[in-house]
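Undergrad: Protein sequences, first through last, are from chains A and B.
One point on numbering: in this note's numbering, the residue at position 149 of the first sequence is 149, and numbering is uninterrupted.
One point on numbering: in this note's numbering, the residue at position 21 of the second sequence is 21, and numbering is uninterrupted.
Hints should not be assumed to be uniformly reliable.
Because identical chains share one entry, a pair is satisfied inside a single copy or across any pair of copies.
Here are the simulated BS3-like cross-link-like pairs (lysine-lysine), alpha carbons at most 30 Å apart as the crow flies [stated by the list, open to error]:
id: 1; residue 1: Lys154; residue 2: Lys105
id: 2; residue 1: Lys74; residue 2: Lys154
id: 3; residue 1: Lys18; residue 2: Lys154
id: 4; residue 1: Lys74; residue 2: Lys105
id: 5; residue 1: Lys140; residue 2: Lys18
id: 6; residue 1: Lys81; residue 2: Lys168
id: 7; residue 1: Lys105; residue 2: Lys140
id: 8; residue 1: Lys81; residue 2: Lys140
None of these hints come from the bench; they were simulated from the model.
Since we're looking at a predicted model, the values are computed, not measured.
Next come the chains, spelled out residue by residue.
2 protein chains.
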Amino acid sequence: MTPHQPQRIRALIDRLAKLSEGEDWAADLNPAQMTALNYLSRANRFSRAPSHVSAYSGSTRGTVSQTLRALERKGLVSERKSETDRRSISFELTDAGEALASAEKEIDRVIADLPEETSAALEAGLENLLRQLLGLRGGKAFGLCRTCRHHRRKEDGGYCELLSVDLKPAETTQICHEHEPAQ
Amino acid sequence: MTPHQPQRIRALIDRLAKLSEGEDWAADLNPAQMTALNYLSRANRFSRAPSHVSAYSGSTRGTVSQTLRALERKGLVSERKSETDRRSISFELTDAGEALASAEKEIDRVIADLPEETSAALEAGLENLLRQLLGLRGGKAFGLCRTCRHHRRKEDGGYCELLSVDLKPAETTQICHEHEPAQ
DNA sequence: CACTAATAGTAGCGACTCGAAACTATTGCA
DNA sequence: TGCAATAGTTTCGAGTCGCTACTATTAGTG
Numbered sequence: 001m002t003p004h005q006p007q008r009i010r011a012l013i014d015r016l017a018k019l020s021e022g023e024d025w026a027a028d029l030n031p032a033q034m035t036a037l038n039y040l041s042r043a044n045r046f047s048r049a050p051s052h053v054s055a056y057s058g059s060t061r062g063t064v065s066q067t068l069r070a071l072e073r074k075g076l077v078s079e080r081k082s083e084t085d086r087r088s089i090s091f092e093l094t095d096a097g098e099a100l101a102s103a104e105k106e107i108d109r110v111i112a113d114l115p116e117e118t119s120a121a122l123e124a125g126l127e128n129l130l131r132q133l134l135g136l137r138g139g140k141a142f143g144l145c146r147t148c149r150h151h152r153r154k155e156d157g158g159y160c161e162l163l164s165v166d167l168k169p170a171e172t173t174q175i176c177h178e179h180e181p182a183q
Numbered sequence: 001m002t003p004h005q006p007q008r009i010r011a012l013i014d015r016l017a018k019l020s021e022g023e024d025w026a027a028d029l030n031p032a033q034m035t036a037l038n039y040l041s042r043a044n045r046f047s048r049a050p051s052h053v054s055a056y057s058g059s060t061r062g063t064v065s066q067t068l069r070a071l072e073r074k075g076l077v078s079e080r081k082s083e084t085d086r087r088s089i090s091f092e093l094t095d096a097g098e099a100l101a102s103a104e105k106e107i108d109r110v111i112a113d114l115p116e117e118t119s120a121a122l123e124a125g126l127e128n129l130l131r132q133l134l135g136l137r138g139g140k141a142f143g144l145c146r147t148c149r150h151h152r153r154k155e156d157g158g159y160c161e162l163l164s165v166d167l168k169p170a171e172t173t174q175i176c177h178e179h180e181p182a183q
């Protein structure tokens, strides 16, 4: 355990991310587009607006606007205007978008092949790291609905006390932009 | 352990890398420049040429050429022409470059604060992942000199059997572009 | 030793991306 | 009703990246 460990770990994360990004180009998507597509594929129906993508990815609304437009041109997402708030838009993945988002990347296969102990420790460590870092910066966590303090379990899914809506079982494991850690 | 674990881990890596990149801009460096600077600060004296940065970072030589020129403009690196091979150049960090490369980023502090068990497991998992991935792609590992199969320990440092040179103790923990895993 | 191939690095171009600022439209607030 | 805040878009300019072509140097081959 040398004193340079933090920088080594940071370098590993950066390098792995770069290697993973490399695969995006094969699908004709730049990294920002792939990030948005992946986010949308995992976000719940209240969290699929441009501003949410913007908050998640850390880029401006203007940039995200262009990114989503590019995804739409490529037929991967489609926009749906809100009926309650006529300013807001929600993006949904098309079948092609779903296929692309759920496509297994080379790095996924490698992760899947790791010993379960290793991958579990890896996930826990990364999650811990992200939580600490977001805590320092006041950033939003975008955690899973089910782990939010506004979430109540029900026999057939869940219930969000913040938005006052029932949730299907599948929805409780999606990302929510309103997420606040339990407790 | 859901079936989506690989994608969750990939998303965590990507997001952490993005958050870490965000800090680069504070130093007036774009991510590519910060990657090059960090690489140069950790590479041994045989591994500081543009082509090595190119192989490490995965961008083209042309791009790296521009990146290094930007770093030179900012006074962070200085070039030194080789005497043996007049085509090749080696880049060294200036004092300002050293200072910037070794500056602690917010994410480093967070990593340093993790329980030792967690960070050790994290590093091991990430290294494992990188090794597997590079193995699949035939990419170079850029590992530490000391862990290379051409390295022999000596009482006062080490010796590289590939390049036939003696190594100071500090050099044995630097990155080498010729690195091949032991055994 | 000459000739060719390979390597190291650079230059210029074009496509694209990103962020900043200004803008429209809609909603909330007082 | 009027003003501020919010959601999203547009435009523009700086900068980046990869590609191709180029020079210079070194290695390989007969």
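Undergrad: Work down the list of hints and note, for each, if the structure agrees.
TA: Hint by hint, here is what the structure shows:
no. : hint            : in the structure
1   : Lys154 / Lys105 : neither (35 Å within a copy, 43 Å between copies)
2   : Lys74 / Lys154  : neither (39 Å within a copy, 59 Å between copies)
3   : Lys18 / Lys154  : neither (41 Å within a copy, 36 Å between copies)
4   : Lys74 / Lys105  : within (20 Å within a copy, 38 Å between copies)
5   : Lys140 / Lys18  : both (24 Å within a copy, 14 Å between copies)
6   : Lys81 / Lys168  : within (22 Å within a copy, 65 Å between copies)
7   : Lys105 / Lys140 : both (27 Å within a copy, 20 Å between copies)
8   : Lys81 / Lys140  : within (24 Å within a copy, 48 Å between copies)
Checked against the numbered hints given earlier, this structure breaks hints 1, 2 and 3; the rest are met.
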